[in-house]
Structure formats: structure tokens, C-alpha cells
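These protein sequence lines map, in sequence, to chains A and B.
Our numbering numbers the first residue of the first sequence as 8 and each following residue consecutively.
Our numbering numbers the first residue of the second sequence as 1460 and each following residue consecutively.
Any given hint could turn out to be false.
As the list claims (entries may be wrong) - Have a look at the derived ranges for each label pair, beta carbon to beta carbon: (1) 1668(B) x 192(A): 29 to 39 Å; (2) 1527(B) x 74(A): 48 to 58 Å; (3) 1846(B) x 44(A): 44 to 54 Å; (4) 69(A) x 1671(B): 44 to 54 Å; (5) 44(A) x 1877(B): 31 to 41 Å; (6) 1888(B) x 53(A): 46 to 56 Å; (7) 60(A) x 1615(B): 28 to 38 Å; (8) 53(A) x 1886(B): 33 to 43 Å; (9) 58(A) x 1615(B): 33 to 43 Å; (10) 69(A) x 1900(B): 43 to 53 Å.
It should be emphasised that the hints constitute simulated quantities derived from the structure, not laboratory data.
By construction, the Cβ of each residue, glycine as well, lies at the ideal position given by its N, Cα and C atoms.
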Amino acid sequence: MSPDPKKPLIKATDEAEPKAERSAAPVALVVLLALMVFGGMVYLGNNAGGFNAQVYGPFKSHDEVKGAQPVSKGGEALVLGKKVYETCAACHMPTGVGSPTVNAPPLAGSEWVVGGGPNRIIRIVLNGLAGPIEVNGKAYGAGAMPAFKDSFSDEQIAAVLTYVRQEWGNKADPVKPETVKAIRAETASKGDNWAAPDLLQVSDK
Amino acid sequence: MSATPSTQIISIDRGNEAPAVTSVQIDASCRAPVLLLFISAAAWLLIGSLLGIIASLKFHSPNILASCPLLTYGRVHPAAWNALIYGFAIQAGLGVGLWVLSHLGRAKLAMAPLIVIGAILWNLGMTIGTYGILYGDSTGFEWLEMPRYASGILFFAYLAIGLAAIVTLHLRRERELYISQWLLLAAIFWLPWIYSTAQLLLVFKPVRGVMQAIIDWWYINNLTTIWLGFTGLAATFYFIPKIINRPLYSHYIGIFIFWTLAIFGSWGGIPTGSPLPTWIPALSSVGAALTIVPVLAVAFNVHKTFVGNYSKLSSSMPLKFIAFGALAYVLSGLVGVLASIVQVSEVINFTWFTPAQTQFVVYGFFAMTMFGAIYYIVPRLLQADISSAGVRWHFWLALIGVLIYVVSLGVGGVEQGTVLNNPKATADFMGVTNSTLPFLRASTTGDLFIALGHLVFLLNLVGVLVRVSRASFSTAMVANRRAEVRA
């Protein structure tokens, strides 16, 4: 870049644009790339948490994350269920003995509650029940339980039924919100209350 | 392979298909737009480094300029970086890119008036954006601090210049593509994509929570690795063979670099300790580690092109700048790969090492390469020499400055991280932070050297412009007088 006036600034090489030789890329580079890709895969296998969005550091896998979660023993459902049961207690009484004056049958020890699966009682809570019903060999007259499908969510219904199935000496499996959701969808078109004979047609399992 | 006599590859005698457009004609078509981009870039570089010194001073002398809200650290620092990245780096890169595209295509620069309008718009956006940041309108996203009323202008200014670049490439007379054209074309398309995506998802319709951090990291990494990387490498692969007058060692290695960087280089940038689902930082680390392959390929291709001709370094200042840039690319690339390893990044995370690494890439590699390219191009645009003493001063000031800066903050960062990660260390956090002060003072010294170099750079460009315009003025006067005498 010396300022020499005699030297022409534009050299002959200016007209020639650079060309590239077609030398082959060294195999070592390709091998290195392959090795690095392999190493990268191994690293991802060990450290990417199975590409699961719930795995954060320092955890390495979803199983590890699941193991660190507090395990529910249904305790939360019972607390929620007890709360929701306050509505039911008006007729079925806080102790689940029912109230013959309003034709509300007992829940404690009732075969409708603890017998088999929750198929029928979920339907009763969703759509209500009208007309006579026999519980534990005792007939109850024409009572009327209203539908609760619009008042309670699936989770609330599952919780209250779990509570009812496990309180006052009752010992039945908890009810899952998914089961309630499925039955709610199945019976979505039913507008009126259930009658006991129709319910007996529904499988108990 | 490289033993092939160079004359067989680079041949001035092109037989019957002699180029209809000469280099001089192409230079004439580039003169106004490219010079405008270069002078603006140099001006922003100086503004950026002055703001950078103010920001750097705040760490050890917080009382300086503390009473002026415009000049508090939170505003000066982003303003300095935006001036360096958008004011200097992108304008210089576009100027060099346009010149290289038109020369490699042996065609005149297309749509020069559109480029001039684009450059004016870009500088308008830069001015508004810098004021916006200093005024307090920063968006708060790293490298995207400019408020939306400025970023919109920048976006459309870039589209105008990018369109001209694509048309220039399309109208090329030399059909065969050189590797620099691949790299430049990709860079031209890459920025509007990442810039609009980041603006849309962060500023105009913000995503929530940590997604914001992911997008910002993605943007910064793509701007650095792909835009600055591709544009800088395009200049490296163009100017080194051109100046030493030998062909580039291998076209295929160039293509290999292009694809590996484009595919894997764009994943990096997300720190290993970030509070994200682990697969994101893990994938990012793998991408960053994979870039060791293109980095080594660059080193190999440049070395094989140079081999036996390293002595030419002493005869050409532009070559010195560009060779230093290539060296810094390889070294900073290797450091980046090292930093992607979890055990290393645990130490250097949240320390001074990060700015040192960024500065090494942006300044040591990209800016130095651009300086060399500009010092090669400007004398040809103006048909006049730049003061060689000035260029030499710039080179040594920049070289010493960047080395002081990178080494001091790099070493300081490693020391800081080691103490911070030592559970048995007795020093508290403030004590550790205070112990980095000598390194910070050293980095300010580096900044001062760099800023002086930038002053020399601007003076060099303005100096040759003034000389040329004076000379053409007196030539015109002489012609005038002759005409009068004849009359």
C-alpha cells in the first residue's frame, strides 16, 4: 500500500477473480464429522431427558422426575370430596344415614354405593334420580334427587363419590375423574332424571 | 494438488470470452453505494467504541457520568453494542459483500440508487434506534434493544440492499459460482428471516416466559455464527487467494464448511445451565461442539491456500488484517467448542469469559477481516492510495487492543468462575467480584487502543476521500482554465 505514484494501483491480477481448485476434502474431516455426530447422539441419549418437555436439569430422565414427585394416596380427593359432600348432606345427612322424611336412602353400607363399580352412582349424581328405589332391602318412596351435571366438575364428582365410597365404613375403590368424564359424554343427551329400573339395566362393573 | 502452477488456474488471458466489463468499470459502479456503506460503518464504529469506553469505565469508576441518565450503564452498553453490530458490522459486511458479488460475477453492481437509499434509511434507523436506547426505550432483549420504531426502518433498509445484492448475483456474467457467493447469498437471506422472527416473537407479539430467552439466544447465535460467520468467511476465501494470487485450495472443503455451519452452527447459543427442559441446552451443546469440524476445515483450507506463501503477509496490509481475522476465527471457534462442554461451561457461565469470547468473534475475526477487505477495496474504488502509515497504525492499535481485551477478560472470567464454583472458597460474592477489577481495568485499556484504532480508521477513509475530491476539483479547475484560455 505504499503511495508510489509510478506504480499503477490496479494490477493485472485485479482482473482475475479467484478460482478454487477442486481438491478433495480430506477423509479425516468427514470421519471427524461422523464421529462427532455419533458422540453427539450418545450425549443426547444420556442428557436430553428423552426429549421430554417435563425433564429439567439436574434430572436426566422422565423416570427420575416421576420418582421425585410426591405420590398422592387419594388424600386430596377425600378432602375435596368432603367439601363437596356438604351439598349432599342436606338430604343424605353428614353421617350418610339418609333421611326417610324426604325419601333419601342411606349411603353408608348401600349396595348402590359400594357394590361393584361406580357406573350407576356416577349416573345418579350426573342426572339425578326420581321415583321409588330399594336400598338394602328397604323400599324408599318417590323421592327426587336433582341432577348435578351442571353444578360440579368431573373432578368434583369423582372426589365426592370417592369420599362416599370410603367413608362411614364403606370400602370401595376411588372414582377417577376420567371415568366421570366418559360417562358424562356418554349420557350427554339424557335430559331427564334416572329411574331405578333403568339404572339396573346399566352394567355395574 | 496444490502444486498445480497457479497460472493455470488464475488466468488473465481469457481468450475470446474476455470480460466485457472490466474491474475498473465494476469499481465505478460500486463507488457511491459501497463508499457510503463503508464511511457510515466507520463512523458508527467510532461512536460505538466511545460509548463502549463509557460503559467499560462504569465497572471500576461508577461515578463517572453517573448523574446523566442517558449515559448510565444500562443504556450506554446496549447502545455501544448495537452501534458495533448494526452500525458497523452489518454495513461493512454488506459493502464488502456487494463489492465481492459484483466482481465475482464480473457484472456491474445492480440497482445502485436503491442501495444508496437503503444505506441512508439504515443510518436513519440506526440514529433513531441509538437515540431510542439512550432515551430509555430499549426493548430489554440483548442485541435487539432498538425500539420497534427503529427496527422496522432497519428491516426495510436491509431488504432494499439485499434485493440489490440478489439482482447483482442474478445478472452475473460469470456463471460458475465461487464459494464466497454461496456464503454471501445465504447470509443475505438469513438475516431478514432471523430478524423478523425475533422481532415478531419478542417485541410485536411476545411469547411468554423462558421462550423469550430461547429466542433471543437463538437470534444472537445465528447472527454471530451464520451472518457474521458467512460474510466474514466469504471475504476470507475471496481476498486471501486474490491477494496472494493463488487459487483457493479446495472448493469442496468450502461447500463442506457451508453446509456443516448452516446445519449445526445454528443450534448453538443456549447456555448449559439455563432453566429449560434439558433437551434444549443439550442439543445446543451438541450443535456447538459439532462446529469444531467446519472450524478445522477453515483452518485447513486457509493454510493449504497459503502454504509456501506466508511471506506475502509482510507485503500487504489488507492481507495481514484478513489473515489475523482467519486466525481469530479458528481460535475463537475452538474456544467456543471448549465452552460447549458442560464441565467447562459450568465454570465460565456468568463470568467475564462470555464478553471476551463474543468480542473475539465479532471483533477479532469479523471486524479485522472487514478492515482488511475495506483497505483492499477503497483504493480501487477511488483510484488512490490510503496512507500506508495510517493503515499500519490502525492494524497494530486494533491488534494490541483486541488481544488485551480478550486475554484480560478471558483470564479474569476463568479465575472468577473457578472461585465462584469452589464451595470451600472463603471470599464472598462481592469479594470475588472485586477481585476481577484489575482485569476490568485492563479491558478498558484494550477498549482505548481499539477506539484509537477506529479513529485512525475513520481518518484514513476520510483522508483519502478528501484527497481524491480535492484532486478532482483541481483537475476540473485546470480544465476550466484551459477552456477559458482557448476561448
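Cross-check of the supplied hints:
Checked against the hint of 29 to 39 Å, the C-beta distance between residue 1668(B) and residue 192(A) comes to roughly 33 Å, which is consistent with it. Take residue 1527(B) and residue 74(A): their Cβ atoms lie about 56 Å apart, and the range 48 to 58 Å holds. Taking 44 to 54 Å as the suggested C-beta distance range, the pair residue 1846(B) and residue 44(A) conforms, at roughly 50 Å. The given range of 44 to 54 Å is broken by residue 69(A) and residue 1671(B), whose C-beta atoms sit roughly 26 Å from each other.
In this structure, residue 44(A) and residue 1877(B) meet the distance hint of 31 to 41 Å, their C-beta atoms being roughly 32 Å apart. For the pair residue 1888(B) and residue 53(A), the supplied restraint of 46 to 56 Å is violated, since their beta-carbon distance comes to about 33 Å. The hinted range of 28 to 38 Å is satisfied by residue 60(A) and residue 1615(B), whose Cβ atoms lie roughly 37 Å apart. Roughly 35 Å separates the CB atoms of residue 53(A) and residue 1886(B), a value that falls within the hinted 33 to 43 Å.
In this structure, residue 58(A) and residue 1615(B) meet the distance hint of 33 to 43 Å, their C-beta atoms being roughly 38 Å apart. Between residue 69(A) and residue 1900(B) the Cβ separation comes to about 49 Å, which falls inside the hinted range of 43 to 53 Å.
Violated hints, listed in ascending order, are 4 and 6; each of the other numbered hints is respected by the structure.
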